[in-house]
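So you can see what is in the structure, the chains are spelled out below.
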Amino acid sequence: MTSHKSTREVLLTCIDDIEIIAKELLDNLIAQKQQKPVSAEHSQLVELVLQKDTELKATLKLAEEQGVLQQKVVALETEVERHDIEIRNLQKQLKEAEQLLATAIFQAKQKLQAIDKANSRPVNSEELIKFAHRISASNAVCAPLNWQQGDLRRPYPTDIEMRLGFLGRLGEMNVNGHMSFPELLHRPNHSMQQGSSVPNSQAGTYSWLSQNDLQMPGLSVSHLGVGGGMDHKTPKKENEDVDVMSTDSSSSSSSDSQ
Amino acid sequence: MATTQLADEGDFDLLSTIYDIIKSVEKEQQDNNQKLKDSQEAGQKVLELQRKLDHAREVVKKLPGIELSKEEQLQQIDLLRQQLTLKRDLLNKYRSITTFDREAQTEFQIHQH
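Protein chains in written order, with UniProt numbering: chain A, 1 to 258; chain P, 1 to 113.
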């Protein structure tokens, strides 16, 4: 038939019914006093009102039980709410953990890729150190540790160094009209012995250069030429430079052995 | 019969008032003054009945827990209990979960392949 009516509805309906029946009853009474009695209907009404009253009392009892049950419902709802809060907190924490782990895994994967890349093309650490020495030999990367204001050393080649270098002495000719390489080599050493104010770094720079060039005098002609056609020998020269560099501690500009 | 703290015993005692009304109406008096008094009394009793009915309705509206029928309420309690069990189990499962370990990692890798 109809769906379950709430107990409240049932109670209110009962009360309304009692009201209606009572009114009918009273109307009947008054009519009875004034006119002919209608006793059959009257007794029916009385029975009806009694029945409705019983119904009301029964429904009230039911309402009482439901009131007790409602307390249980409230307690259960509080517990469920508490668990909901816990679950929400747990969810937040898990989300944070997931984010942290995802970041960590991503970074770890990147590191692994870098490791694979490095392993596929290994470079000798000695070579790296040699190249680092060569790069920093001219003090262009970082000032010498004992550098102070007033120190004449500069991160670029100064004019003195340029003049003492290859291009600077290009104009110097010997008796034959062409440059003699051993003369050029010995010149810087000679001028230093004379007590010029060449700083230590210059000496450092030229010492490795002079040693290497001494070993390969045959290449001097190609270097003098405008466009050297002997390019295939330069890598070999550089390798020899590299080999010498590791054992030569004086090649480093940061050393104070000079 | 005391239902809850909100309702008293006399809140729903409508029958007695109806009975009083009937009694006062059916009183047969010869004296005119008494008749007037009786009719006035009857009128008052009717008003009292009306008042009682309204009061009863008010009380019913305030009673807790009668929004649903009893069956529906029992169903609600069942559902809430089930919910509570599920949530409690979920929380316990995540509380007792073990942290990372090698065995789980190996199992996961095997599962992946």
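FYI, nobody ran anything at the bench for these hints, they're computed from the structure. What you are looking at is a predicted structure, and each value in this text was computed from that prediction instead of being measured. Check the hints yourself; a few may be wrong.
Here are the simulated lysine-lysine pairs, DSS-like style, with alpha carbons at most 25 Å apart [stated by the list, open to error]: (1) 117/A <-> 130/A; (2) 57/A <-> 72/A; (3) 5/A <-> 35/P; (4) 72/A <-> 61/P; (5) 23/A <-> 70/P; (6) 92/A <-> 5/A; (7) 37/P <-> 52/P; (8) 23/A <-> 33/A; (9) 57/A <-> 61/P; (10) 62/P <-> 61/A; (11) 70/P <-> 61/A; (12) 62/P <-> 33/A; (13) 92/A <-> 45/P; (14) 70/P <-> 33/A; (15) 87/P <-> 23/A; (16) 35/P <-> 23/A; (17) 87/P <-> 33/A; (18) 27/P <-> 61/P; (19) 27/P <-> 37/P; (20) 57/A <-> 70/P; (21) 87/P <-> 57/A; (22) 92/A <-> 57/A; (23) 45/P <-> 130/A; (24) 45/P <-> 27/P.
Status of the hints after comparison with the structure:
In summary, the hint linking residue 117/A to residue 130/A is supported, as the alpha carbons are separated by about 22 Å, within the 25 Å threshold. Note on residue 57/A and residue 72/A: the hinted pairing holds, with a Cα-Cα distance of about 24 Å set against a maximum of 25 Å. A threshold of 25 Å between alpha carbons decides the hint, and for residue 5/A with residue 35/P the separation of about 46 Å lies outside it, so the pair is violated. With a C-alpha separation of about 20 Å, the suggested pair residue 72/A and residue 61/P falls inside the 25 Å cut-off, and the hint holds.
For the hint pairing residue 23/A with residue 70/P, the CA-to-CA distance comes to about 31 Å; that exceeds 25 Å, so the pair is violated. Distance restraint check for residue 92/A and residue 5/A: the Cα-Cα separation of roughly 42 Å exceeds the 25 Å cut-off, and the hinted pair is therefore not satisfied. With a C-alpha separation of about 22 Å, the suggested pairing of residue 37/P with residue 52/P holds against the 25 Å cut-off. A threshold of 25 Å between alpha carbons decides the hint, and for residue 23/A with residue 33/A the separation of about 15 Å falls inside it, so the pair holds.
About 16 Å separates the Cα atoms of residue 57/A and residue 61/P, which keeps this hinted pair within 25 Å; it holds. For the hint linking residue 62/P to residue 61/A, the alpha-carbon distance of about 15 Å falls within 25 Å, and the restraint holds. At roughly 12 Å between alpha-carbon atoms, residue 70/P and residue 61/A fall within 25 Å of each other, so this suggested pair holds. For a cut-off of 25 Å, the pair hint linking residue 62/P to residue 33/A is broken: about 40 Å separates their Cα positions.
Our distance criterion of 25 Å between C-alpha atoms is broken by residue 92/A and residue 45/P, whose separation comes to about 66 Å. Taken as a hint, the residue 70/P and residue 33/A pair is broken in the structure, with Cα atoms around 45 Å apart against an allowance of 25 Å. At most 25 Å may separate the alpha-carbon atoms for a hinted pair to count; residue 87/P and residue 23/A exceed this at roughly 55 Å. Only pairs whose Cα atoms come within 25 Å are accepted, and residue 35/P paired with residue 23/A is accepted, the gap being roughly 21 Å.
The straight-line distance between the Cα atoms of residue 87/P and residue 33/A is roughly 70 Å, outside the 25 Å bound, and the hint therefore fails. Our distance criterion of 25 Å between C-alpha atoms is broken by residue 27/P and residue 61/P, whose separation comes to about 36 Å. The hinted pair formed by residue 27/P and residue 37/P meets the criterion: a straight-line CA distance of about 11 Å does not exceed 25 Å. Note on residue 57/A and residue 70/P: the hinted pairing holds, with a Cα-Cα distance of about 16 Å set against a maximum of 25 Å.
At most 25 Å may separate the alpha-carbon atoms for a hinted pair to count; residue 87/P and residue 57/A exceed this at roughly 40 Å. At roughly 52 Å between alpha-carbon atoms, residue 92/A and residue 57/A are farther apart than 25 Å, so this suggested pair is violated. About 118 Å separates the Cα atoms of residue 45/P and residue 130/A, which puts this hinted pair outside 25 Å; it is violated. Under the criterion of a C-alpha separation no larger than 25 Å, the hint pairing residue 45/P with residue 27/P is consistent with the structure, at around 14 Å.
Hints 3, 5, 6, 12, 13, 14, 15, 17, 18, 21, 22 and 23 from the list above are not met by this structure, while the remaining hints are.
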